[in-house]
Every structure is written in structure tokens, then in C-alpha cells.
Amino acid sequence: MCSVRAASGDEAPMKEFLLNYIKENQSNWRVQPKIIEGEDFQDCLILVFGQPKTAIYAHIDSIGFTVGYDNELIKIGGPRIIADTILVGSDSQGEIETKLIIEETEDEKTIRCDFDRTIDRGTNLTFKCNFRESEEYIETCYLDNRLGVWNALKVAETLENGAIVFSCWEETGGGSVGYLGKFLYENFNVRQALISDITWVTDGVKHGEGVAISLRDSGLPRKKYLNRILKIARNTNIHFQLEVESAGGSDGNALQRSSYPIDWCFIGAPEDGVHSPDEKVHKNDILSMHKMYSVLMKEL
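If you read the sequence shown in this note's numbering, its first letter stands for residue 58, the second for the next number, and so on.
No wet-lab data here; the hints were simulated from the structure.
Possibly wrong hints are sitting among the right ones.
Below, simulated BS3-like cross-link-like pairs (lysine-lysine); rule was C-alpha separation at most 30 Å, straight line [unchecked claim]:
| hint | residue 1 | residue 2 |
| --- | --- | --- |
| 1 | 211 | 280 |
| 2 | 80 | 340 |
| 3 | 72 | 132 |
| 4 | 80 | 280 |
| 5 | 185 | 340 |
| 6 | 211 | 288 |
| 7 | 132 | 91 |
Okay, the calculated beta carbon distance ranges per label pair [what the hints assert, rightly or not]:
| hint | residue 1 | residue 2 | range |
| --- | --- | --- | --- |
| 8 | 132 | 69 | 30 to 38 Å |
| 9 | 280 | 89 | 33 to 41 Å |
| 10 | 280 | 173 | 55 to 63 Å |
| 11 | 329 | 91 | 36 to 44 Å |
| 12 | 314 | 158 | 34 to 42 Å |
The C-beta atom is built at its ideal place from N, Cα and C for all residues, glycine as well.
Hey, can you work out the whole structure from these sequences and the hints?
What follows is the structure, encoded as C-alpha cells:
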């Protein structure tokens with residue numbers, strides 16, 4: 058999944074990947090979901106299992122770059138700007154593999170790609186995938202949020218009642234979650250959400266100490282809902298840690314800004330190397346994330 062090119066606004070390849078995966082694997086799942094997609098949902102995808110009360114939201118887009126004039130690069134979301142980073146994509150003339158270069162003058166800094174021809178304007182470029190695995194960690198680009206998508210697909214294997222939402226545009230501030238939440242609320246009365254996304258390693262959130270349950274970031278989840286989640290979590294033997302941040306956001310913020318009374322909570326493994334080609338997550342945190350979601354989707 059990490060090698061699928063699907064920057065914000067160009068999520069169709071990731072949706073196609075997911076549809077193929079679901080069709081090939083759903084016969085082995087405990088419950089066969091209703092697959093909801095089409096023009097009314099753009100490049101998003103919803104799976105509905107049984108009688109859902111809670112939805113998992115996992116965004117399928119990534120950060121990246123758009124090629125502007127004369128091979129200048131324009132950021133999609135907030136990618137780390139690191140000289141010599143390898144970028145890949147394709148345009149009308151074929152496949153592209155190039156390097157990011159930084160040009161600095163007294164007045165400004167410009168980022169470009171070092172390529173032997175002019176790339177078509179509007180072409181999206183993403184980090185080249187270099188997947189590495191050690192005894193304790195995995196490291197590659199786009200664990201944010203392919204790991205959140207992986208978690209949702211693993212939960213799908215045993216999910217009996219619930220919904221899974223694969224959303225778009227999260228890295229550029231949202232744009233799909235409002236209508237996706239509206240659809241689930243109006244058609245299935247789904248009022249609860251868990252945000253399957255990846256957070257940051259910080260002074261208070263460490264590698265290897267379990268999935269992070271976020272009590273707040275720039276958004277403020279409803280305390281009553283958080284308390285229910287924490288009560289369930291504390292009655293398990295699953296390792297978790299509590300996150301409290303003043304900035305950052307996710308699909309949860311888009312739900313909070315909507316006109317629908319949908320409770321939400323961000324729960325995700327922490328990573329180093331955020332928005333770089335070298336995002337790094339501890340395997341134990343991945344496992345605790347999956348276990349926590351499996352319990353919460355049954356008990357909320």
C-alpha cells in the first residue's frame with residue numbers, strides 16, 4: 058500500500074487498490090459488508106457491516122508535490138523538504154523518477170525536481186517507497202496513513218456491526234468527511250467515530266508504549282465520549298498511552314465542524330519522521346492499535 062501513488066486530490070488509485078483487495082478477501086471475513094461507492098462519494102469508500110453504531114475513519118490520501126512551472130514543486134499538505142529525496146510519478150510522456158533540489162537566494166527558497174525534461178504541469182509526485190523492517194520497527198514513507206488503512210482492513214476481518222470509512226483530502230484540511238458522516242448519520246444513525254490515523258512521537262508519547270488515545274489536539278472531542286473509551290481501554294490488558302496536544306488535526310476535526318452530532322476520538326500508533334520518506338513505527342504499537350480497535354468496535 059505504501060507504494061500506491063495517491064496524493065490528496067488523486068486518491069483514485071488507492072480506492073481501486075482497496076476495492077480489489079476487498080473483493081479478493083471479503084469471503085474470508087466474518088460478515089460480508091455492504092460496499093458503498095460511486096460518483097456521489099467521489100474517490101471515497103464506505104463499508105457497512107450488520108447494524109453499525111460506530112464508524113472507523115481512515116484517510117487514504119498522502120502528502121506529496123504538484124509540478125508547477127519549469128519543474129518547480131508545490132507542496133501537497135505538509136511534506137518534509139529534504140534535498141535529494143527521490144520522487145516518483147508519471148505524466149503524458151511516461152514514468153518519472155527524480156530528485157528534489159533546493160534553490161536558495163537571498164530573497165527566497167524554491168524547491169524543484171532535477172529531471173532531464175520539463176514535466177507536465179499539474180503532475181503529482183510522491184515519495185519513492187523504500188520499505189524497511191527490523192525486529193522492532195517498520196520504516197517507510199506513507200505509514201501516515203496506510204497503516205491506519207491497514208488497521209481498518211484487519212478489523213474488517215472480524216467486524217460484525219460497524220462501518221469503515223476510507224476518506225479523502227485529509228492531508229489538505231479535509232473535504233469529504235462532512236458528506237460521509239452525513240450519509241452514515243442519516244441512513245444508519247451512526248453517531249460515533251474512531252479516527253484510525255497515525256500520530257507523532259513527542260515528549261509525552263513514546264515508541265513501544267502502546268497505541269495513543271488522543272484526549273485532544275486542535276480539536277476537542279466530547280469528554281463524555283472519551284470517558285467511555287477510556288473505561289473500556291482500562292478494562293483490557295492492551296498497552297496504551299494518553300496524548301494531549303495543542304495543535305494538529307485529523308478527520309475528527311472535520312466531523313466536529315460538521316452540522317451532525319457525531320462523537321469522535323483519534324486513536325493511533327505514534328511515528329518518528331513525520332511526513333518524510335522515513336516514517337518509523339514500533340511493531341508493538343501497531344499490534345496494540347489493532348487490538349484496541351477490535352475491542353472498541355464491539356463494546357462502544
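Structure-based check of all given hints:
1. Our distance criterion of 30 Å between C-alpha atoms is met by residue 211 and residue 280, whose separation comes to about 28 Å.
2. Restraint check for residue 80 and residue 340: the C-alpha separation of about 27 Å stays at or below 30 Å, so the hint holds.
3. At most 30 Å may separate the alpha-carbon atoms for a hinted pair to count; residue 72 and residue 132 meet this at roughly 22 Å.
4. The straight-line distance between the Cα atoms of residue 80 and residue 280 is roughly 38 Å, outside the 30 Å bound, and the hint therefore fails.
5. Distance check on the hinted pair: residue 185 and residue 340 sit about 22 Å apart at the alpha-carbon level, within 30 Å; holds.
6. For a cut-off of 30 Å, the pair hint linking residue 211 to residue 288 stands: about 23 Å separates their Cα positions.
7. For the hint linking residue 132 to residue 91, the alpha-carbon distance of about 36 Å lies beyond 30 Å, and the restraint is violated.
8. Look at residue 132 against residue 69: about 21 Å separates their beta carbons, and that is not inside 30 to 38 Å.
9. In this structure, residue 280 and residue 89 meet the distance hint of 33 to 41 Å, their C-beta atoms being roughly 37 Å apart.
10. In this structure the hint that residue 280 and residue 173 lie 55 to 63 Å apart at CB holds, the actual value being about 57 Å.
11. The hinted range of 36 to 44 Å is satisfied by residue 329 and residue 91, whose Cβ atoms lie roughly 38 Å apart.
12. A hinted range of 34 to 42 Å holds for the C-beta pair residue 314 and residue 158, which are about 38 Å apart.
Violation of the numbered hints given earlier is confined to hints 4, 7 and 8; the remaining hints are satisfied by the structure.
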